[in-house]
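S.K.: Sequence:
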Amino acid sequence: MDWGTELWDQYDIIDKHTQSGLDLVEKYVKFVKERTEIEQNYAKQLRNLSKKYSPKRGSKEEQECRFSNHQAFLDILNEMNDYAGQRELIAENMMINICIELTKYLQELKQERKMHLSEAKKAQQYLEGTYKQLDNSKKRFEREWREAEKAAQYAEKTDQDLNATKADVEKAKQQAHMRTHIAEECKNDYASQLQKYNKEQNQFYFTDMPLSFNRLQDMDERRIKKLAQGYVLFADTERHVMPIIGKCLEGIARAGTNVNERNDSVVLIEQHKSGFERPGDLEFEDYSQGINRASSDSSLGTPKGPLELLGKNKNKTFRLFNKKSKPVDSEGFTHLPPEQRRKRLQQKIDDISKELQKEIDQSEALGKMKDVYEKNPQMGDPASLAPQITQTAQNMERLRGELNKYESWLAEAGGRGDSIRYSTHSLNNNGAHNPNSPGAISDDTDSSQAIYTEFDDEFEEEELAAPIGQCTALYNFPGSSEGTISMQEGEVLFVVEEDKGDGWTRVRRNNGDEGYIPTSYATITLNK
1 MDWGTELWDQ
11 YDIIDKHTQS
21 GLDLVEKYVK
31 FVKERTEIEQ
41 NYAKQLRNLS
51 KKYSPKRGSK
61 EEQECRFSNH
71 QAFLDILNEM
81 NDYAGQRELI
91 AENMMINICI
101 ELTKYLQELK
111 QERKMHLSEA
121 KKAQQYLEGT
131 YKQLDNSKKR
141 FEREWREAEK
151 AAQYAEKTDQ
161 DLNATKADVE
171 KAKQQAHMRT
181 HIAEECKNDY
191 ASQLQKYNKE
201 QNQFYFTDMP
211 LSFNRLQDMD
221 ERRIKKLAQG
231 YVLFADTERH
241 VMPIIGKCLE
251 GIARAGTNVN
261 ERNDSVVLIE
271 QHKSGFERPG
281 DLEFEDYSQG
291 INRASSDSSL
301 GTPKGPLELL
311 GKNKNKTFRL
321 FNKKSKPVDS
331 EGFTHLPPEQ
341 RRKRLQQKID
351 DISKELQKEI
361 DQSEALGKMK
371 DVYEKNPQMG
381 DPASLAPQIT
391 QTAQNMERLR
401 GELNKYESWL
411 AEAGGRGDSI
421 RYSTHSLNNN
431 GAHNPNSPGA
441 ISDDTDSSQA
451 IYTEFDDEFE
461 EEELAAPIGQ
471 CTALYNFPGS
481 SEGTISMQEG
491 EVLFVVEEDK
501 GDGWTRVRRN
511 NGDEGYIPTS
521 YATITLNK
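Going by the UniProt record's numbering, the sequence shown opens with residue 1, and the numbers climb by one from there.
Source of the hints: derived by calculation from the structure; they are not laboratory data. Hints should not be assumed to be uniformly reliable.
[Claimed, not checked] Derived SDA-like pairs: lysine to any residue, alpha-carbon spacing no greater than 25 Å straight-line:
#1 Lys51 - Gly251
#2 Lys104 - Arg222
#3 Lys196 - Thr130
#4 Lys121 - Met219
#5 Lys273 - Asn263
#6 Lys16 - Leu109
#7 Lys500 - Ser520
#8 Lys138 - Thr180
#9 Lys199 - Asn188
#10 Lys56 - Gly256
#11 Lys368 - Leu399
#12 Lys225 - Glu101
#13 Lys368 - Gly503
[What the hints assert, rightly or not] Label pairs and their calculated CB-CB ranges:
#14 Ala386 - Ala466: 36 to 46 Å
#15 Asn260 - Ala386: 14 to 24 Å
#16 Lys225 - Lys30: 17 to 27 Å
#17 Asp23 - Asn136: 35 to 45 Å
The structure displayed is predicted, hence computed values, not measured ones. Glycine residues also receive a C-beta, built at the ideal position from the N, C-alpha and C atoms.
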């Protein structure tokens, strides 16, 4: 069994090498996990840093972002936040593609190694059992053959003994024959067991154990290949995000190059420009005239001395550096310097004009919807729109009043009074245009107070807008009301204006006809 001992020594060496490889995989997984934790902590610190130095909403720092150097710093914080996201992506990909994958594969390898070791031990135990059977049959054959020889010698001795009876001789011969027969059977059994053992031994050494070695070799090679792929993934995980990280760094550099010190100075000047006129030159005050006319002008009172005259204007001389009390905000911004007041008034006018335009659009949409409901009662009750129409009209009236008020204040402050021009196509309850609506401007209205004007007649004749998508009609629509267009089920139309929340979409046919259709009556696909 020296060959068996040598074989198992070799198998033990290979098994230890396999276990060492599995330990290496486990070490690499732990290494990547610790690297993942480092990336996660690094990303977390970057995000906390970006959040710490980002200006709060509505704070003074946020208002200063109009300056390029402040905006550049904000851009850097945003880029660092994106950079942190890429570090988090690295950690996530490493955890999923390397740690989890290799941990699962490691468990599979351990089970496979355990199975190969069990199969090899089972083959060895079977061979050892076969050898024990061979050894037992050999010893029995040896024992029975000796007994047969003794019986043969005793029978021969009895046959030569003159005093032995014929029965004794015959009995001795039968005993010798029986022992010989038993010895022959043991011999045959020993030969059979020897043949069986040799066959099992050849199977063990030339088939089972080489197969087990090959399986361990294949398992170890697969383990090495998988570990090598993990090494490559470690680098690829970083390499894949390098372009995005490079863009973040480029954004940081671009933020630095976008800083314009001259423009920041101009912005600061425009922001705080007061509009006050510069003070004029001080006039020369001749005190000698007061002395020469002392006797004749005594009735006019004693002239004021130099200190008294200077005291009158000393506050004006140093007003530029005086500490001002915090101004109290007023509706007309009268507490602000002229230039700042004009800017605030113009901004207020623009905001009100935008709100007014929204109300006008909503009024037109409600009018169209009411007209459709009146002609198609199955689509809805026209009376249900009355509260919304009334509320919209009140909002429009209120906004127009505020707009007139701020326009007049801007005119007083010396501003141009320019406001955004809006359509005043208000709709009456029947959906028709109402020339007597509050927004309509009469011919005798002064041009300086005309805030709203109707769109030019050429508005209808301007170039057609490009389609933004297509739609397919789901149902038939008569399009009998003003501004709508009819369509048949399955008809394909071009979309030129999206639904603004009023349930209507503007479409166009190939022949150029345009109009509104109910959004729910068609499937709409917008261009990307």
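S.K.: Determine for every hint whether it applies to the structure shown.
M.R.: Against the structure, the hints come out as follows:
1. Lys51 - Gly251: Holds. Lys51 to Gly251 sits at ~18 Å (cutoff 25 Å).
2. Lys104 - Arg222: Roughly 14 Å separates the two Cα atoms, so the pair holds.
3. Lys196 - Thr130: holds (8 Å)
4. Lys121 - Met219: holds (18 Å)
5. Lys273 - Asn263: Holds, at about 15 Å.
6. Lys16 - Leu109: holds (14 Å)
7. Lys500 - Ser520: Distance ~13 Å between Lys500 and Ser520 Cα, so the pair holds.
8. Lys138 - Thr180: holds (16 Å)
9. Lys199 - Asn188: holds (17 Å)
10. Lys56 - Gly256: Given that 25 Å is the threshold and the Cα spacing comes to 22 Å, the pair holds.
11. Lys368 - Leu399: holds (22 Å)
12. Lys225 - Glu101: It holds: about 14 Å lies between the C-alpha atoms, which stays within 25 Å.
13. Lys368 - Gly503: holds (10 Å)
14. Ala386 - Ala466: 36 to 46 Å: holds (37 Å)
15. Asn260 - Ala386: 14 to 24 Å: Taking Cβ atoms as reference, Asn260 and Ala386 lie about 55 Å apart, which means the hint is violated.
16. Lys225 - Lys30: 17 to 27 Å: holds (20 Å)
17. Asp23 - Asn136: 35 to 45 Å: Since Asp23 and Asn136 have Cβ atoms about 44 Å apart, the given range 35 to 45 Å holds.
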